[in-house]
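In case you want the letters, here they are:
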Amino acid sequence: MIRFEPREYVSTRRVIGAPVFAALIALALAAIPIWSAGADIATAYVLMVNGAIGSVFAISELLARATPLILTGLAAAVAFRAKLWNIGGEGQLYAGALAAVAVGSGSLALPSYALIPAVLVAGALAGAAVMLVPTLLKVKLGADEVVTTLLLNFVILLIVQMMLEGPMQDPMGMGWPQSEPVLEEAMLPQLIARMRVHAGLIVALLAAVFAAILMRRTVWGFEIRAVGANPSAARHAGIPVTATFVRVGLLSGAFAGLAGVGEVAGLKGYLTADLSPGFGYAGIVVAMLAGLSPLGVVIAAIFVAGVFVGADSMSRALGVSSYLADLVVAMSLLCVLISGLFVRYHVRIGGSRATD
Amino acid sequence: MIEILDILVNPNFWAAAIRIATPLIFGVLGALICERSGVLNLGIEGIFTAGAMAGWMAVWLGADLWTGVAVAAAVGGVFGLLHAILTVPFGLSQHVSGIGVTLFATSLSYFAYRTALPDVSSPPRITPFQPLDIEGFSDLPFIGAALFQQTPLTFLALFLVLAVAFILNRTPLGFAIRAVGDNPAAVEAQGLSVFGLRVGAVIVGSALMAIGGAFLTMSAFDAFFFGMVNGRGWICIALVVFASWRPGKALLGALLFGAFDAFQVRLQTEVGAFVPGQVFLMLPYLLSIFALVAAARKADYPRALLKPYFKGQR
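Protein sequence lines correspond, in order, to chains A and B. Residues 1 to 356 (my numbering) are what the first sequence spells out, left to right. Residues 357 to 670 (my numbering) are what the second sequence spells out, left to right.
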């Protein structure tokens, strides 16, 4: 029989070490699918590492991929801290992207220094607005936000498709379902010339610092953590539980919305319905790997981005399906969940030594 | 108005409604069994995908159709076991574990499909289940046309509604499963294993979810497509709340949903020129959200749902 005895003291080393260990286990487990696909395991790992960090180009790709993951990771991290299960990052990301196109593709004629902030604010507001619906349904009507946020992902994606085939379709797009390009003035500048990493990364890092300060150093952050720890105790202690859920829901949606802005205004330049390869869902993995810590999200996002970029590059060379990346990311989530047990508990296998 | 009536009295409409409802019946029953024992299983979306892929793949590799269904159920059971281990003895967050199982089962299915079939552009087809043609019944007016256009899996689903209702409500096992979802300490006091009941319920429930997925590739269609589950699992989770965790109401909910979905498809052909198609495609998801919200207020959740139980601890 397995028994769990809560640790009285949890060392920081353990808290940080467990997810690192979990990520390494998940990477090691990737050997099984690589082998089953008939590729040479050592070559595959070398190609993955090279593809992720082997050149300036690779690192630029890695950081470009990490940018939306930091933001969707933050979206999950702050919401999960309050036990508000926002699984709708994907939909909120698309809402942000849609707003970025609506504001940035010619409806506002502003210089860069005004248009870029306008696009960012519009995207954040759109993401927040989308998350406000399930949050209100939860606090006012008791509808489980897991299901409503998940189902809204499908609704939002259909709205995006509808707009791209209708009012927002690019008239110069040869009939393809894509939006008009955003104006040059709305584009986030590149950080390295001729590389894809863009100023969205700075936005994401600032968002992480903002979230870290909010959660650790402010009353609102304290309230969010208190509500997550025990909502009824928080209510008895006079914490405005409903307002806290609404605040954290808006913040979470705003982060995911910003991720969509970055993809459109930093990378693609226009919106298509396949903008995100599941950044919203991967954000959940990022948040869990980070132990819901906003600064940890940055590191976890870089790891997950490395898996995606490395696996893509390896996949092109060896013909192993690039779904390998999704598989490793999913396995990291399961591994980090299990590793969390070893942080919080002494895990004893066998034996019958009673402690009480 | 007349057009709407025309749709509703057409047996083909009801045949379509039952066909759309079938995977949901499996899924809602599966989710209901898990939740009655106290475990929310958000692995459902991925388990649907895994069942759809595994069942189809087995048949494509040469197994007969019922073996394919068994393979799907077994694969579903394995993912159920994974979720059960993480949530029952380990007591981890059922939300996060479920999402993890969905991501894992989905990506593993896609990876396996791509690895087995690296270069196909159009998905290979199998010979799916055929409509069950029973001498005499198929000629019955209306009912015959609506019901006997269905494949054996639909009849399995309908039978399972009765079986699950009977087991949950009329047998000691069902009583124990319901009790473990309401008050695990009391079950333990009776000398029953909370661990065994919950793990068993999640495995069986997940196997049913996977058969729901297999229906998609082995009856509704004859091939596996990426993204073909398309939120059906999440819809089932909403329908369980709507059905207040009762198999009979789960059937009703799935059929109403199927009727609504079949109706919107037909409506689309009537007014599709004026309204974008996506509006119609949105309706099932919005309906599920609406059903959840409508039921949420008076929802009588199993009292120990989401609560891990450790021996000798209350």
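I should point out that these hints are in silico values taken from the structure, not numbers from a laboratory. Check each hint, because a few of them may be wrong.
Which stretches of chain B does chain A cover? Using the computed rule of at least three CB atoms under 8 Å from a CB of chain A, they are [as the list claims (entries may be wrong)]:
#1 377–389
#2 583–592
Partial chain A-side listing against chain B, Cβ under 10 Å, derived [as the list claims (entries may be wrong)]:
#3 Ala42
#4 Leu141
#5 Ala317
Heads up, simulated DMTMM-like pairs for lysine to aspartate or glutamate below, C-alpha to C-alpha not over 20 Å straight-line [said to hold, decoys possible]:
#6 B:Lys663 x B:Asp489
#7 A:Lys268 x A:Asp312
#8 B:Lys667 x A:Glu5
#9 A:Lys83 x A:Glu185
#10 B:Lys667 x B:Glu544
#11 B:Lys667 x B:Asp538
#12 A:Lys140 x B:Glu544
#13 A:Lys140 x A:Glu5
#14 B:Lys663 x A:Asp312
Glycine included, each C-beta is placed from N, C-alpha and C at the ideal position.
Here is how each hint holds up against the structure:
Check on the stretch 377–389 of chain B: 0 of its residues sit with their Cβ under 8 Å from a Cβ of chain A, so the three-residue criterion for coverage is violated. Counting residues of the stretch 583–592 of chain B whose CB lies closer than 8 Å to any CB of chain A gives 4, so the stated coverage by that chain holds, three being the minimum. A least Cβ separation of about 19 Å between Ala42 of chain A and chain B goes past the 10 Å threshold, and the interface hint is therefore violated. The closest approach between the C-beta of Leu141 of chain A and any C-beta of chain B is roughly 5 Å, which is under the 10 Å cut-off, so the hint is satisfied.
Contact between Ala317 of chain A and chain B, as hinted, is not supported at the beta carbon level, the nearest pair being about 14 Å apart and thus beyond 10 Å. For the suggested pair Lys663 of chain B and Asp489 of chain B, the alpha carbons sit about 47 Å apart, so the restraint of at most 20 Å is broken. For the hint pairing Lys268 of chain A with Asp312 of chain A, the CA-to-CA distance comes to about 18 Å; that is within 20 Å, so the pair holds. Restraint check for Lys667 of chain B and Glu5 of chain A: the C-alpha separation of about 12 Å stays at or below 20 Å, so the hint holds.
For the suggested pair Lys83 of chain A and Glu185 of chain A, the alpha carbons sit about 39 Å apart, so the restraint of at most 20 Å is broken. Annotation: proposed proximity of Lys667 of chain B to Glu544 of chain B holds, straight-line Cα distance about 8 Å (limit 20 Å). For the proposed pair Lys667 of chain B and Asp538 of chain B, the alpha carbon gap of about 16 Å is at most 20 Å, so the pair holds. Straight-line distance between C-alpha atoms of Lys140 of chain A and Glu544 of chain B comes to about 36 Å, which puts the hinted pair past the 20 Å bound.
The suggested pairing of Lys140 of chain A with Glu5 of chain A is violated, with an alpha-carbon distance near 38 Å, which exceeds 20 Å. Distance restraint check for Lys663 of chain B and Asp312 of chain A: the Cα-Cα separation of roughly 40 Å exceeds the 20 Å cut-off, and the hinted pair is therefore not satisfied.
Hint compliance for this structure: hints 1, 3, 5, 6, 9, 12, 13, 14 are not met, and every other hint is.
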